[in-house]
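> Read top to bottom, the protein sequences are chains V and U. Per my numbering, residue 1 is the first one in the first sequence, and the count goes up by one each step. Per my numbering, residue 1 is the first one in the second sequence, and the count goes up by one each step.
Note that these hints are calculated values from the structure, not bench results. Keep in mind that the hints are not guaranteed to be accurate.
[To be verified] Among chain U residues calculated to face chain V with C-beta under 7 Å, some are: (1) Gly166; (2) Ala169; (3) Glu171; (4) Gly172; (5) Pro182; (6) Tyr183; (7) Arg575.
Quantities reported herein were computed from a predicted structural model and do not represent experimental measurements. Idealized CB from N, CA, C, for every residue including glycine.
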Amino acid sequence: MKQEIYSHTTSQSALVRVAEISARYRNRPDKLMDVILAVQKVVPSMAEDVAAVIAREMGLMQNEVYSFITFYGLLSVKEKGKYIIRMCNNAPCHVRGARAVMDAISDTLKIGVGETTQDRRFTVELCPCLGICDVSPAIMINDKTYGNLTYDSTQALIKRYIREDV
Amino acid sequence: MANVKLTIDSIAVEVPEGTTILQAAKSLNINIPTLCYHEDQKVKANCRICVVEVNGQKLLQTACSFPVADGMTVVTNSPRVIRARRNTLELILAHHPLDCLTCQKNNSCELQNIAKELNMSKPVRYEVASRNLPIDSSSPSIVHDPNKCIVCGRCLEVCNEVQTVGVLAKEGRSFDVVVNPPYGKVFADTACVNCGQCMQVCPVGALTIHDDTTDIYMAQEAGKTLAVQVAPSVRTTIAEALGEEPGTVSTGRLVTALKRLGFHYVFDTDFSADLTIMEEGNELLHRLNTGGVLPMITSCCPAWVKFCETFYPQYVKHLSSAKSPQQMFGAVIKTFFAERNQIDPQSLFSVSVMPCTAKKYECKRYEMNDSGYQDVDVALTVQELAWMIRTAGIDFKTLPETPFDSPFGLGSGAGEIFAATGGVMEAALRTVYEVVTGQTLESLDFHAVRGVEGLKEAEVNLAGTIVKVAVVHTLSQARAIMERVAAGTADYHFIEVMACPGGCIGGAGNPIRSWKKVLRRTASVYDVDRKLPVRKSHENKEVRVLYQDYLGAPLSEKSEHLLHTKYINRQDILRL
Ligand code: SF4
Ligand code: SF4
Ligand code: SF4
Ligand code: FES
Ligand code: FES
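Pulled out of the complex, with its shape left as it was, chain U reads as follows (with noise of 0.2 Å):
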């Protein structure tokens, strides 16, 4: 591709032709303001914040979407750019309901770090509308007030084209659009499968974390002993959640802040993972020879499982009955652990910290009580685990290393990988392989599995029967297959299935995502992976004293009564 040469604010740049004036302006480290503009997505040049002045135009551009050409000069702040983006701001302000305060996302907003930027200090000269919409907290993972949204369409094109869920809609015209689900629906009336991806690509507090801290706190004044689990993701974005690096990996001192936060027991979801691995690889073969239904397919997102029961619903049977680390771990704790300490499993209140505002909802399936109570009883994201270090005025940054908790602390890299896509097909490769050939892994790393294309596949020989495999991300590559397993073209005998891209590491529990962040993240996850001692998941010494001393076997009753789960049929929702 040729290069154009032009001037942004009297600086000569030479970029590839096709670039925007924004990437331009970037490239010399200028910063054009940007709202309905995000960097894994398309343009939609809709809020018009990035206007700049272009010779031979008579009116402002937007930098966002208007491509360079050779011989442009361009001005990103002159007088005349500063009042145009100002007054846009103003008109969006005049829409907006400035209760800036106690809103969730104070301090990570867009449009506020914009109005920051352009230095708005008098207050908006239009009369200000709010909508004033009711505000939508019916899902267990999000909030959805209406009244903050800026029309960008960033959820939109999340929930329609990386997911295909299509829950929300534009709704009217002019200075009535709001983004609503259709017809008067609240979240919960929707097939809204709670991935929570919407909500990390809005701009504002339109679309928030379903806060539940206040439930931590009340179990705490009710005198309950806390048991806490910590997913395999969290250790690599709490750090960040707190301000640093993306992919600091934080483990011990995320155990110590948790410890201090009042949580008794602090336990290790690699440890479950592990446990999932064990049961789902036992599952897959016995499938396997047995004749039984391939391709098998995960279950450990929630997500997905939702969005299988939903639009293929006649497909239930190709997930495999295992529930996901989470609910393993929740039906554990209230049995085993609980009558291990003698702790009356009433008085138990077992909390979870994930990615995922998907296993916000999942602890709240009604299947999810095997232990005879709620096995799960609060599901936290990172984030809101960030907020509660912030709140007790713990500085994470110098916290010291404190370990897991045992019986369940000891986790395998197996259950660490968890965190990236590919990850449990890779875990379970490693078992499943060394159980049916009876011989040692050479090199651990599956390679084929691991990265972010849409759709992995690999096939492994294990002691001369070939085994297919396939790893997808994102609802839309799930979609893509599952027409194929329903076609009976997906030839596969395993399939690894994730709502979000890149995994559970750019779960929407984490803080806000870009693919560069996931990436640093996923680099961090396989690092942690390679330094464990242990790396598979029938080689963790707790998961084997705990199938001796409680469950028996893989599979047994007992297992299968605690670990295992069943699905339902959600097509109703769509009304089809």
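This is chain V alone, in the form it adopts within the complex (with noise of 0.2 Å):
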């Protein structure tokens, strides 16, 4: 079960891509934070075949790369969906009504936090508070926040990501 989790193959072409991106910080460890950055916009996940080309391209070892990536809430090495939808788990969102909007991503895209659609186009996680609490309940979609949020404008939120309308 766990194997096949990880085991997950990026494509040539994007490590290539990868590579690109970590040839410019061979033997900067300082760097491995910005280089990851850049290559999660490349890469489904961080995934076994990434990481090995990153630590070769840097000059770091595997496990360095992995125990990074693993350290850090918002990075993963699972492959989750081309959206990842982040719904705020915190009090303030909560009191002003986060349950209607999970619901709303549950009912839309029919599945629960820490899963991903057949699809693979979206991942539900929950996450500590955004810091919008003004405008909570809030979520984040990929690197977007949206605030004041009712069971339905999410749902007509996820639907425009559903037709790529972003």
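Given two chains presented individually in distinct reference frames, assemble the corresponding complex, making use of the accompanying hints.
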């Protein structure tokens, strides 16, 4: 089971991009975060083959790259959807109706927290306070935030993503 | 360096600047408990068991990392300190399965010791939350139980920095941190070279030896004829494993113990170490004379061989094709010995006792069946043998001495020093020198290749030809020299590589190591060599008989078949 989740392979063309990005910071371990943020835009996940290329090009050990990735909640070694919906999990959002937002997401996508749609386009996760409690309840989809959500507005938002109208 | 005066528990002490509180306390014989601290490693200061009170510091400080200062007052055993240590320990125990009774580290676990020292006689006050992760016994050498890990990071330092293999990684953060091979892999799917050095430094039962003792009992019950070979290092570490002083040599008692355990034939791997020298030495001469691939590199350490196959596969042609002493012996026992004694090789169970966890993997390599069977059935470590001796109720201390069995009971001093880094080189030089020059060596001791420096070099004049040799131990040193081989700047003729720090005498099958212990063991190894009547491999009479009666000559067709092997490319495991 564990093996299955991890053993996803990245396309050759994406790996070439990863190599290009990483090679710019050869022997600069302090730049690992920058590299990973850039790499994240071209690969679906920080899979083993991606970490291997980063390690090789930057002159690091593979296990260092892996440790680094697993340390950060917003990075992932497992394959995720193209759009990662992060639902704020803290009290202010909760009191202001996070439940309805969550329901809208799961009703629309038919998946729960921690799951990925079959077409690999959406992953739903919980996350700590997004720092925009003034517009709570709030969610984040990839690097965009959305606030003041209701059941209906959330559903409309997700549908826009389904249509790639973003 | 200036000295610093301080008091610890009201006792005045003067120590050099830069000393830690822990070291200063040790000089006063004050014992501060430690868990992540290891005397041969960097300071990690992540377990907080060693906390002490320091004047002027509001918070308790970790003694293992805090440097002393002039006028400092340290208290190591106030009620506040003891309460803090106990609380830390309880938090560790709340995340640790308490199954000491069935743990391999029972009685040798550092966590258990600390619980005893801190007089933890009441149940833990916190809710116990075990990780519930699967135990990984996929490796033939190591069993990994991540549930017991206290995340001290010692194994990471060894595997990443000393061996540069990088098998393990700290995964996740905070309460969920665990040390595992990356990407959900099991050990067998990683580049792990089975050296076991991670296990040697693990303070708890998270990394333990893959226990194969049951296989021996089963073979006994099946009525097999048991033949066992004992590696050079074992005679200097088995007594230590059974509670005697490090460096105690116990060859005769060891043979007696093995006989009492039911082994029918007890042989000396020193013998096949001599055989290795005959083959490897002649291979070197052959390469020197025919313009073969140089430098030639030793191949008796399976961890090093696997490392080379994985990280430097294009250079395996530099490895000597000679098998390791363990595997040469295995091949000879199931052929020559079986024929001589009219034993069906199928009913022969061939066991080795080794200082090494990688030997367990080596004997299972698919090439290692030139006798038509798996040449060595089971490789036991010194520690496993010690457990068997204990289990059988044998009082090792008071055993009488017995000599090894013939025809493979004779080993030379050259075979014996295989145990220490530089030993294979020295053994080879003793033989190669005499074969090439036809002269008798005046002094048999090649001091330039002894000692614990990472890289040792020497030049030997062989009848006018200067032969340059190098000796390295630890795989980080091996990597450094391989980079030079790759760059074409390693102008040596012969290189010895051993994966373990200090050579096999520091191997992971031995009782838990520290540099101090390894040095005492090493001194004993050279002592044994000095006292042996025969100190050169080519003068070993039983080796000569084997060549006369069976193999013909070194590098003969039969020798090539039984005593040499080939290597493979394992680079794919790295996914490069
Ligand atoms: S056995 Fe050696 S190579 Fe394998 S994980 Fe341990 S230290 Fe690393
Ligand atoms: S496996 Fe052992 S040595 Fe490694 S971090 Fe865990 S407790 Fe420490
Ligand atoms: S140095 Fe010796 S003990 Fe260590 S892995 Fe190599 S053969 Fe085994
Ligand atoms: S609690 Fe949801 S954004 Fe702060
Ligand atoms: S021994 Fe000092 S913090 Fe672990």
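> May I ask you to test the interface hint for U:Gly172 with respect to chain V, counting a Cβ-Cβ separation under 7 Å as satisfied?
holds, 5 Å
> Taking the least C-beta to C-beta distance, is U:Tyr183 closer than 7 Å to chain V?
holds, 5 Å
> Identify whether the interface hint at U:Arg575 stands, where standing means a beta carbon of chain V within less than 7 Å of its own.
Check passed: Cβ of U:Arg575 comes within 5 Å of chain V, closer than 7 Å.
> Under 7 Å is the threshold here; is the Cβ of U:Glu171 close enough to any Cβ of chain V for the hint to stand?
holds, 5 Å
> So, U:Pro182 near chain V? Judge it on the closest CB pair being under 7 Å.
holds, 4 Å
> Report holds or violated for the interface hint on U:Gly166, using the least CB-CB distance to chain V and a cut-off of 7 Å.
OK, holds: U:Gly166 within 7 Å of chain V, min 4 Å.
> Minimum Cβ distance from U:Ala169 to chain V below 7 Å?
It holds, given that the least Cβ distance between U:Ala169 and chain V is near 4 Å, below 7 Å.
Hint violations for this structure: none, all hints satisfied.
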